[in-house]
Amino acid sequence: MYEHDVIVVGAGGAGLRAAIAAHEAGADVAMVTKLHPVRSHTGAAEGGINAALQEGDDWELHAYDTMKGSDYLGDAPAVETLAQNAPEETINLEHWGMPFSREDDGTVSQRPFGGLSYPRTTYAGAETGHHLLHTMYEQVVKRGIQVYDEWYVMDLATTDEDDPNDRECHGVVAYDVQSGNIEGFKANNGVVLATGGPGQAFDHTTNAVSCTGDGHAMAYRAGAPLEDMEFIQFHPTSLPSTGVLISEGVRGEGGILYNSEGERFMFEYGYANNSGELASRDVVARAELTEVGEGRGVDDEYVHLDMRHLGEERIMDRLENILHLAEDFEGVDGLVEPMPVKPGQHYAMGGIEVDENGQTCVDGLYAAGECACVSVHGGNRLGGNALPELIVFGKRAGQHAAGEDLGEPEIRTGYGDDVEDETDTELPVAPGKAGLETSGSVAADGGMATDAEGVLQRKVETAREHVDTLMDKDDGVQHAEIRAKLQQAMTDYVNVFRTEEGVKKALEIIRECREEYQDVYVDDPSRTFNTDLQQTIETRNLIDVAETIALGALVRDEFRGAHWRKEHQERKDEEWLKHTLISWDDGSPSIFYRPVILEGENKTYEPKERSY
Amino acid sequence: MAERYSSFTPGGTGWFLQRVTAAFLVVVLAFHFFLLHFVNHAYEVSFMGTQARMENIGYFLTMVLFLVTAAFHGVNGVYNALVNQGLEGTQKKVVLAVLTIAGVGLVAQGTYVALTMSGMI
Amino acid sequence: MSTQQAEPESQEAPEDPAMKGAESPAAEEQKGGGMVDEHAEKAAELEGETVHIKVFRYDPEVEGKQEPRFDDFHVPFEKGMTVLDSVMYARDEYDSSLTFRHSCRQAVCGSDAFFVNGKQRLGCKTQISDLEQPVRIEPLPHQEVVKDLVVDMDHFYDQMHTVEPYFQDEDTPPVDDLEEQRQSQENREKIKMSSRCIWCGACMSSCNIAAGDNEYLGPAAINKAYKFAMDDREGEEIKEHRLRILEQEHGVWRCQTQFSCTEVCPKDIPLTEHIQELKREAVKKNLKFW
Amino acid sequence: MSQSYNRGLIEDFGRWKEFSAGMWAWIFHKFTGWMLIGYLFTHIAVLSTSISAAGESTDVIEAQNDIYSTTLQGLEGLFLIRLLEIGLLAVAVFHILNGLRLLMVDLGIGLESQDKSFYASLVLTGAITVASVPTFLTGVGI
Ligand SMILES: Cc1cc2nc3c(=O)[nH]c(=O)nc-3n(C[C@H](O)[C@H](O)[C@H](O)COP(=O)(O)OP(=O)(O)OC[C@H]3O[C@@H](n4cnc5c(N)ncnc54)[C@H](O)[C@@H]3O)c2cc1C
Ligand code: HEM
Ligand code: SF4
Ligand code: F3S
Ligand code: FES
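Protein chains in written order, with the working numbering: chain A, 1 to 612; chain B, 1 to 121; chain C, 1 to 290; chain D, 1 to 142.
FYI, nobody ran anything at the bench for these hints, they're computed from the structure.
Using N, Cα and C, we set each Cβ at its ideal position, and we do this for glycine too.
You may find that some hints are simply not true.
To be verified - A short list of chain C residues far from chain A (calculated; beta carbon distances all over 12 Å):
hint	residue
1	Gly48
2	Lys54
3	Phe70
4	Asp92
5	Asp95
6	Gln106
7	Val116
8	Asn117
9	Pro141
10	Pro173
11	Arg280
12	Leu287
Unchecked claim - Derived Cβ-Cβ restraints for the label pairs, each shown as a range:
hint	chain 1	residue 1	chain 2	residue 2	range
13	D	Tyr119	C	Lys79	32 to 42 Å
14	A	Leu427	C	Gly64	43 to 53 Å
15	C	Glu189	A	Lys142	56 to 66 Å
Can you make the complete structure from the sequences, with help from the hints?
Structure (C-alpha cells):
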C-alpha cells in the first residue's frame, strides 16, 4: 500500500495543476496516471486559453460571453470564478516559461475565437495544449512530485453509507500496467479525479483512445452524481477520416467554410448572420450537417474549410501545425486546396458534479478538468474555455484537497432538499446494473469496514478478484466488439441531431452491451502490460458513461446549447433552467434536477436569445 | 600532452582542438602530399633531397608542427572514439596513458628523425 | 439522420462474417488463436486489398513468446490508413494480446514510436501506403522490450530529467501584477522548433552513440536544454549553468553529428543543428577563460 | 518490471543495412582516421632510417646508397606499395573532404544538405583517386 496526503488521478492539465497547487499548499502529493503525464490528451489542444488580459477587456465580459455561450446553463459562481482567475493563472503559466506567441512589443498575443466579444484567446502557435501540458509537467519535475505513471486506477476506496453525502473517499485502487500488480493508494486528505473526457463513447471523436471516462464512471459508481451529461460538444471542423481536429484558430484567423456549391453557407443560408464561421460550435456543426443533409456536402459527407486566402506567411506563422495535420492525416495541402471537415465528438460539458472548490458530495473526493462539471460550460463550451478551466479549477481542487480554506462554496452538490425529482419520462429499458456484477464475494462478506485502511484493503481485494475473474474466463465476448457496438449506437443516435426514438434505441443497445459485458473475457493471459485487460475495464466504464449521456438526452426535452431535439425545437426556460443529475444509486440510476444559479457577484444573468 | 588532457575532460577543449588541428592539417597535409607525390615523386626521394628541403628552417618547422598536430589529432581522435563507445573507469585511464605515451613517443621519435634530416644533429 | 452512419471505416471493410463477431462461435475460435497460418487463412477470406504486416512479438510470461518472433497479419486496406491503424485493426480483430502504446492518434502524445521497415517512425503519422510490404513493425531499438512493441522508456525519461527541464527564473514579476515577461518574436521563433518535442524517443533510439554510451544525454534531452538555454527570459547566469550541465562527459561532445536523430524526428526538430549550436556556445563560453 | 528483453548488440549491428548517410559518414571517417594515424606511426618508423643515414659518408649519400634512400626507393619499387599508396591517398582525401564537411557542420553551415555533401565527398574521393593513378604508378616495374 502507498500512502500520501493527496492523490491526484490523471496527469493532464487539470491533474498537473492540482498536484502543483496541493504541493505548494504543503501536502505530500502523488499523481497516479494510466499514461505518462506528457501523453495526456491536453497536449492535443490547439487553439488557446481565454483570459481577459488586455486593457479594454475585463473578466465581466468574459463571464458574460461564457454564460451566453452556455445557453444559460452555467452556474454564475463557477463562471465568474473562471473569468476572474483565468488572467492570473495564464500569466502564471507564462512565468513558468510557457512559450506563448508574442506581439511586436514582446507581450503575449491574443486572438479572436468563436463566441467571444473580445480577442482574448491566448495561444502558443497552434499547439497551446502541448505547451501547457509540458510546461506544467516541467513544474512537477521541478518540485519533485511523485508520479506513478502507467498505473491504471480501477476504483475508488469509498465507504458505503446509504446516502452518498455521508460517504468518504480514502484513496484509490490501481494496477501497475507494466507488472499487473494491484495496489491500494491511501489518501489522507483527498483524491482528485482529473481523468479527462469520455470521447471514446463515440466513434468519430477528436479525443484520444485513452479518453474513456474512467473518472466519471468511478465517481458515478461511488455515489457522486453525473451532471448535464447530455451536453456533448461536436466540433465543426474535424478531419473526416480520423477525427483529428482542425483548430477553431483557423476560423479565428479568417478561415472560411464552403459547401459543395462553393457557397459561404454560414451567411448564404443565414445560420449565423453576424458571426458567420465564428458562431458558437454547436451552431456551426448543425449548419454543416444541414448542408450535407440537404445535398450540398462534398462527397455527401463533409464541407470545405479554406484558409488559402490568408497567405503563406500568416499561415506558417500562426497555423503551421494545421498544415501538417491536414497533410499527414488527410493528405491535403492546406496552402493549395481547401481542407475537408465535418463535425466530430469533441468535448463533454457535463461531468462529475462538483462545487467551486472541486469537491463532490462524497467527502474527500474531488474532480477537476473535463471529467468534472462545476458548470462553467453549461449547455455549450466556448472554444478556449476548457484550458482555463483546467488551471483555475485544477488549482482550487488541489488547494482544497490539501486543506486550504477557499471559503464556503455557493454551489451545492449531491441529492439534497434543493433538488427536484423526475417522474414523467418513460425509459425503454431499465438502466444500470445488469444482473451479476463481476465484483466477487469479498465485498459481500467483508462487512462494513469504516476505517480508511479497512475500506482500502477490501477494495483492493475486490479488484484483485475482479481481475482474476476476467483473466480466468477462457471464452465469451471480447471487449472490442462491445465497444464498437456501443460507439456506433452513440454516433448513430445520440449525435448532433437527436430524436426521442433514436435515443431510446440507443438506450436499448447500451443495455444489450451491458448484458453482453457479463460474458466478457480477457484473452491475453499475461500480467505484463496487458492492454487487453485495461481496455476491457475501460469498456465497462464507457458503458456507464454512455448510458448517462443517453439518459440525459432523453429526459431533456428541449433544445439548448449543444443538445438538439427534433421534437422540441425551442429552449424552454420555464421548465429547464436546471441541471440534469444522474446518480448510480446502487445500480438503479435515479435522475433529478438542480436549478441553475444565474445570480452573479454583481448582476443576474438574464437568459437572452443566443444569436451570433 | 598528458597534463593538458586531464584539464580537457569535461569541456569542449578537446573537441575544439580537434577541429582547429583539422583545419590546420587540411592545409599542410595537402601541401605535403602534393609536394612529395606530384612535385617530387616519391620514388625519387633520397636522403639528399630530403636533407636539402629540411635545411630550410621554415619547411623544417612546418613539418615538425605538422607532426605534432597530426599526432595530437590522431591520438585524440582515437581516444575520443573509444570514450564515445562507453569506455569507463580504469580502462579509460589505461587507454589514456597508453595513447599519451604512444603520442609523445611518436612526436619525440619524429622530431629526432627530423633533426637528423636537417643535419642539426 | 441515418446518413450519418457512413463512416469511412465501414466503407471498404469487406463483409466478413468472422469480423462481425459474436454471432458465430467459429469466428470466436479463430480469434483466440493468434498463430501465423490462421492469419494467413483469414486474409484469404478477406476480399479487396489487404496490407501485410509483420509484427514483433515478445512476452516474458507467455510460452511461445518468450523467444521473440514475428507474427504476420493481413489487414484490409483503407485509404488514409496509418501504421497505427493497421496494428489496431490486427489487435481488435485478430489477436487482442497484441500490445503497443498509443493514445492521441494525431502525433501529439508521442506514445507510438515504432521501428517500421528499418526506421523509427510514429505509427499514427505514417501512411501505410508509403511503405514497402510486408511492413515490418518492431519496438524501438536500443531499449529493452517489455512486451511486443512496448519498450521500457524509463531511461529516456531519466535523461530528460537530468537537464533540469524546467524554466528557472531570476526575477519574474509577481503574478498578481498580471505582468508577463517580455520576449521578442525573434526569440520565440528561435526556440519554437525545440519546444515541439513530444518525448517519443525516436531520436534517442536512432542514435548509435546513445546506444554505445548509456549515459549520453541524447538528442531529445539536449534539445530540451536548448529550449531553455536559448530562451532570453532566462538570464545569462542560468544559461551558463545549463551549459555546464551540457558540457559534462556525457553531454554534447558525445554527439558525432550522425544526423539520424534529425532524420527520424516526427516533429521535424533540427536536433543536430541545436546540438551543434550548443557546442559552439560552450566553446565560446570556455574561450573566455583562456 | 518483471522481466524484459534486451536485443543486444548483435541486433544493433545487424542493422547496418538501415544506416543513413550520416551514419556511414561517421563510420568511414572513423575508419579513415584510424588508418591515417596508423600510417603516421609506420611513416615515422620508415623515416627513422634517416638516423643511420645521417651517419653515413657523403659519398654514399650522394650516390643515393644510404640506407634511407635505398629503403625508400626499394619500397617505392614495389607494386604493392604503390597500390597501398593509392589506398592511402583515397583514405586521406576522404578524411579531408569529410573532415571539411564536419567542420561545416560544426559551424552550422549547410546542415540541410549534410547527406548530399557526404555523397559529394565520396564521389570526389573516387575521382581524385582515379585521376592520380597514373602519377602514382609512374616508374614502377610490374
Ligand atoms: C483536439 C482537441 C483540441 C482542443 N482544443 C482546445 C483549445 O484550444 N482550448 C481549450 O480551452 N480547450 C481545448 N480542448 C479541450 C481541452 O483540451 C480538454 O478538455 C482538456 O485538455 C482536458 O484536460 P484534462 O486534464 O481534464 O484531461 P486529459 O488531458 O485528458 O488527462 C487525463 C489524464 O487522466 C489520466 N487517466 C484517465 N483515466 C485514468 C485512470 N483510470 N487511471 C489513471 N489515470 C487515468 C490520463 O492518463 C491522463 O493523464 C481541446 C480538446 C481536444 C480533444
Ligand atoms: C587533413 C585534414 C584532416 C581533417 C580536415 C581532419 C578532420 C577530422 C575531424 C573533424 C575529426 C573529428 C571527427 C569527430 O570528432 O566527429 C577527425 C577525426 C580523426 N582524425 Fe582527422 N582530419 C585530418 C587529418 C588527419 C590525419 C593526418 C590523421 C592521422 C594522423 C587523422 C586522424 C584522425 C583520427 C584517428 C580521428 C578520429 C576518428 C574517430 O572518430 O574515430 N586525421 N578528423
Ligand atoms: S526530439 Fe523529436 S524524435 Fe526526439 S523525442 Fe522529441 S519529438 Fe521524438
Ligand atoms: S544521431 Fe546521435 S550522434 Fe548526434 S546528431 Fe543525433 S545525437
Ligand atoms: S498515438 Fe499519439 S503520437 Fe501517435
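Verification of the supplied hints:
1. Gly48: Given that every Cβ of chain A is farther than 12 Å from that of Gly48 (chain C), nearest at about 17 Å, it holds.
2. Lys54: Per Cβ check, Lys54 (chain C) is outside 12 Å of chain A; nearest 20 Å; holds.
3. Phe70: 18 Å, holds
4. Asp92: 4 Å, violated
5. Asp95: 8 Å, violated
6. Gln106: The claim breaks: Gln106 (chain C) does not keep its Cβ more than 12 Å from every Cβ of chain A (closest is about 5 Å).
7. Val116: The claim holds: Val116 (chain C) sits with its nearest Cβ about 15 Å from chain A, beyond 12 Å.
8. Asn117: Per Cβ check, Asn117 (chain C) is outside 12 Å of chain A; nearest 17 Å; holds.
9. Pro141: The claim stands: Pro141 (chain C) keeps its Cβ more than 12 Å from every Cβ of chain A (closest is about 19 Å).
10. Pro173: 8 Å, violated
11. Arg280: 23 Å, holds
12. Leu287: 29 Å, holds
13. D:Tyr119 - C:Lys79: 32 to 42 Å: Distance hint for Tyr119 (chain D), Lys79 (chain C) holds at roughly 35 Å.
14. A:Leu427 - C:Gly64: 43 to 53 Å: Taking Cβ atoms as reference, Leu427 (chain A) and Gly64 (chain C) lie about 48 Å apart, which means the hint holds.
15. C:Glu189 - A:Lys142: 56 to 66 Å: Since the Cβ atoms of Glu189 (chain C) and Lys142 (chain A) sit about 26 Å apart, the hinted range of 56 to 66 Å is violated.
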